[in-house]
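Heads up: the sequence lines are chains A and B, in that order.
Counting with our numbering, you get residues 24 to 281 for the letters of the first sequence.
Counting with our numbering, you get residues 24 to 281 for the letters of the second sequence.
Don't take every hint at face value.
If you only want the chain A side, here are some residues facing chain B, beta carbon under 8 angstroms, derived [unchecked claim]:
1. ARG91
2. PRO117
3. ALA118
4. PHE121
5. PRO122
6. SER124
7. CYS126
8. THR128
9. ALA144
10. LEU146
11. PHE160
Bear in mind the hints are in silico, worked out from the structure with no lab data behind them.
Every residue gets a Cβ at the ideal spot worked out from N, C-alpha and C, and that includes glycine.
Protein chains: 2
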Amino acid sequence: RPYTPREDKIADLARQIAAARAAMPEQHLVLGHGSGSFGHTAAREHRTRQGLSSSEKDRPSRRERYWRGFAEVGYQAARLNRLVMDTLHEADLPAMVFPPSACVTAREGKIIAWDLTPLRAALEAGILPVVYGDVVFDEAWSGTILSTEELFAYLAREMRPRRLLLAGLEEGVWESFPARKRLVREITPGSYAAMRERFGAGTAEGADVTGGMVSKVAHMVSLVRSLPGLEVRIFSGEEEGNVRRALLGEGLGTVIHA
Amino acid sequence: RPYTPREDKIADLARQIAAARAAMPEQHLVLGHGSGSFGHTAAREHRTRQGLSSSEKDRPSRRERYWRGFAEVGYQAARLNRLVMDTLHEADLPAMVFPPSACVTAREGKIIAWDLTPLRAALEAGILPVVYGDVVFDEAWSGTILSTEELFAYLAREMRPRRLLLAGLEEGVWESFPARKRLVREITPGSYAAMRERFGAGTAEGADVTGGMVSKVAHMVSLVRSLPGLEVRIFSGEEEGNVRRALLGEGLGTVIHA
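Next comes chain A alone, as it looks inside the complex (with noise of 0.2 angstroms):
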């Protein structure tokens, strides 16, 4: 259901990460959230993804309406970021917020800047630096969205983590969906090319088609490519000490490695 937060949920999570971060305080950690049914319900509604194109740009009714979808997409994925920064609070993390609204700038779909000065400075002050996804500003569509994921994919090539850790609703890859019949627990470039001959993954009725799975994996896929030292995992967030058990090492669900 839209604009319906799982409170409890995000309680437990922020709890897990607390713990983590106490047993491994040396640990530099960026947190991301998607914007769950907040965000995603204004932006199908609003179009605000696609941008505006260049015959929409010169009708100034379409261009306000775009706009306006625009900054209400853009409140609405907020809204649930707050809550997310006051579970954080509760369970006394010192959390700060990188809205990438404010920060980023896009062409095509791409960042092409975001001055990440403040975020490194964060992390080694041992604050936790949030991401969410959000509508930027786009030089060439003029505005569009990020996804969690496409956020992350530029702070692992500007920052080099170790790992990447996605925690979702599926316990990993599925080689069926919704059979769910056998995990894949090891995803490499090499494989991925055999898995998807094999699955027909990439069209909609792929293997593993679960929320955009496919495209998740596809790109995790790239990324470690060309980023060879980089470790993702795709887990289960909803099993209970999960979160915890995955920031302090324990190879859950589907790991991506080159």
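Since the structure of chain A is already known, use the hints to place chain B on it.
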């Protein structure tokens, strides 16, 4: 009282801004607000503005305490900003926040980096950018706080607005305070020098000392000296309709210009 927002007042101001924007849709406007009792209470307690001294930087416990306080002040400042954002949203204004903590880098309390591309794009799109007094990372002091006036002085140098409107509690700059006998209608760099001498402003017993009015005037005089085209107006936001009137060009309060 700390953490006590004047919600009716904020709602009234939002409606005045909406009315002025509707009357002059072409006028570009950037909105700023202080942290009121929210940021200030926490900032005093944690001595955030002063940053970390060199000796403190080497003391892990002091360092950690400073950064926890820094994050707390940022959180409290953001908490008041959310209330402002909600109120602007209710007034149907397409507002978007640009938190300085996420985008600005300072050195010895002066802004040295702030990529204004997204903020300029917001203005172009007819979105209302909002900034507020906030914690920022500082390359010399570790961290500090920038006031809304300091942020706007930077924005004015970069964006060359026609006017800077400072709505506060007082009707303008008083010759004597708290006697409030005569309002100074106009201040120029030339008249300011005489004024300082006559009234001994700049000391704690100065003519117009009210919540930092002396330093505010000094700051703004130096700003108009370096930006001769700029008109700064200090006026009361308390009187009904004043913000709308000032936005629409009425000559309220004290004007400062070169």
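Cross-check of the supplied hints:
The beta carbon of ARG91(A) is positioned within 8 angstroms of a beta carbon in chain B (closest approach about 5 angstroms), and the interface hint is therefore held. Taking 8 angstroms as the C-beta cut-off, the interface hint given for PRO117(A) holds, the closest approach to chain B being about 3 angstroms. Given hint, ALA118(A) at the interface with chain B, holds; its Cβ is 7 angstroms from that chain's nearest Cβ, closer than 8 angstroms. For PHE121(A), the interface hint holds, since its Cβ comes within 8 angstroms of a Cβ in chain B; the closest pair sits about 4 angstroms apart.
Among the interface hints, the one on PRO122(A) holds; its C-beta lies about 6 angstroms from the nearest C-beta in chain B, closer than the 8 angstroms criterion. Taken as an interface hint, SER124(A) checks out: its beta carbon lies about 6 angstroms from the nearest beta carbon of chain B, inside 8 angstroms. For the restraint placing CYS126(A) at the interface with chain B, the shortest Cβ-Cβ distance is roughly 5 angstroms, inside the 8 angstroms limit, so the hint holds. Annotation: THR128(A) was flagged as interfacial toward chain B, and the flag holds, the nearest CB pair being 5 angstroms apart, inside 8 angstroms.
This hint holds: ALA144(A) has a C-beta 4 angstroms from the nearest C-beta of chain B, less than the 8 angstroms allowed. Interface hint at LEU146(A): violated, since its Cβ lies 11 angstroms from the closest Cβ of chain B, which is beyond the 8 angstroms cut-off. Proximity of PHE160(A) to chain B holds as hinted, the smallest CB-CB distance being about 4 angstroms (cut-off 8 angstroms).
In summary, the structure is inconsistent with hint 10 from the numbered list given earlier, while agreeing with all the others.
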